[in-house]
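Colleague: Chains A and B supply the protein sequences, listed in that same order.
Taking the numbering used here, I'd label the letters of the first sequence as residues 1 to 322.
Taking the numbering used here, I'd label the letters of the second sequence as residues 1 to 325.
Calculated directly from the structure, the hints in this document are not laboratory data.
The structure displayed is predicted, hence computed values, not measured ones.
C-beta atoms are modelled at their ideal positions from N, C-alpha and C, and glycine is treated no differently.
Mixed in with the good hints there might be a few duds.
Chain A regions said to be covered by chain B (calculated; three or more residues, Cβ under 8 angstroms) [to be verified]: (1) 30-40; (2) 238-248; (3) 282-290.
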Amino acid sequence: MKKFNFAWEHGVVVFLICVIGAGSLMSPYFATTDNLSFVLQDVGEIAIIALAMTYLIIAGEIDLSVASTLNLSSAALGFAFRNGISFEVSIVIGLLVGLICGLINGYLVTIIGLPSLAVTIGTLALYRGLAYALLGNEPVNELPDAWINLGVTNIPNTFLPWSVIPLAVLGAIAWVVLHYTRIGRWTFAIGINAEAAKFSGIPVARMKLALFAATGLMSGVAGVVYTLRFASASPDGAVGYELGVIAAVLFGGVAIAGGVGSLWGVLAAVLSLGAIRSALQLADFSANALLVVSGALLLVSVVVPRAIVIYKGRRKSVVANK
Amino acid sequence: MRSLVQKALRVRELPVFIFLILVAVVTGTANHAFFTLSGLQDVLLGVAVIATLAVAQTLVIVMKHIDLSVGSTIGFTAYVLGASSSWGHGLWWGLGVSLGIGLLVGALNGFMVAYLKLPSLVVTLATLYIVRGIFNEIAAGDSITEDRVPRAINFLGLNTFYGIPLIFIIAFALMLVVGFIMKRVRAARDLYAIGSNLPAAELAGIPVARRVFLAFLATGAISGLAGVLLLARFNTAAANSGTGLELNVVAACVVGGVAIAGGIGTAYGAVIGAVLLQTITLALGALGIPQFWQLAINGLLLIAAISLDRYLSSRVKPTSIMGSN
């Protein structure tokens, strides 16, 4: 008989269902399509970046500069548009800037060989600083109405915000690539043992460079979504998002030590955090409760798997003693 | 004599220190106001908080761990110290509670990292959130204004001793104490062993869990008491006090030669790193470079520092986010 293996991700999905149930009980507004639309819009940027961060953490690296990259690509978009470049081209420039930011991180980590935690703390400051240098104290607010409307309205005849489209497309690609292709298997292999992966012929450095570049590009996409949603490009947006992204990825069952994780777990975690946020807001809890809950969930996500390991280890040793 | 020179050349903090002098000299020749007493005081006043936290963080980073929760802890205790009088308590009560908060957060981090063997990055990221959330709930939009700051703390922030700001003297004294302990006390030497080779440290009979726990406890306690300095420095405290400081602190350590890969670095280096970052920030202002560039240059400097360190050391390539094993 095949034993059902209860993974952490299943727990996250159960948790999500519980949150939705509890939220519906707490407020009649929670389970409405209006609120669902709001939650999806609210988690959009974090979800898009989390797609790439999942790969990066599985491969045993980390990127703390994602919020600054998001911000710099938003600033570049605004700066280009303010200087007379058409909005469509400005968006491409924003995306390119994100990609370049990611490539710089990847270059420093893989070619120069620096630890990614330290590098991306550095580029966190660097990219945010460049955004300030680019825009100064003047945020760009006069963006074309047709584009801004995409950021705040729903897809016609549905309750889904437009940001769901990039999220769904990118999410589907990320899912398939991670779990059904060679690149995905390489990502896991690198995270489990980079040395062994290298000797098995996996181009470890090139893979890591590509993953950093992809994370930068996703942050760029999130930057465009962010710009449209807030109808503004300013140098002080999205501060601290990096911690939100990492918290969501880790709560979704990706191990910080690398080698373990799944994309649907991460997406369930992003939605859980969004749903909790909405439920707490509707129940008149302050934003502080959300901070405490996020932190507690993060702790639970490392404590519980660890406790299971310890428990199983004990049981095994008891069996062995008999 | 030669051996002294050779010894000096091997000091890890030397390049950073020379660079610091260079920055100061260049800025000073370009703008003479920078070399005045008030220019120096600005640097020392501005650096005291980060330097103190960096000294505490050194204890953790040499073990190849990290403590991201310090910004929340220091903000919380700065607020508690300011609010203690309006809650009907004195300064000593505030200090006691600040120490208690620091010890509690440190013990929590230490317990989970040392005994449950959980990754410190995740654990302290979680406590960063939790402490900030509890703090903001208690502060609830209230902010400490100048008139509520205890007189003794106000005094610390405004006064100097022979021209040196009192809060910097406190930070400096802490650096000397921690620096001495980390050089001379065996239990503190063990932290280096744990950071450079954990399995070897365990095999050598070092009580690793206890050491890790105590180091996190000490970091928490220092960060808690450092609330005094934060409150003294700004004379205000609010729900966002201390936000984001953790990254500045780690940056100061790394610039000062405390390797994120563990096993290397001193409290002196951490303080030099903090002073360098602060000097550059102020130097940019003195050189007339728009302050918008400050953050970017700080980031560049951090990357340059770790690149240089990587170039100078012949250690193996890093295999994890914390660097080489």
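Colleague: Could you work out which earlier hints the structure fails to respect and list their numbers in ascending sequence?
Modeller: 1
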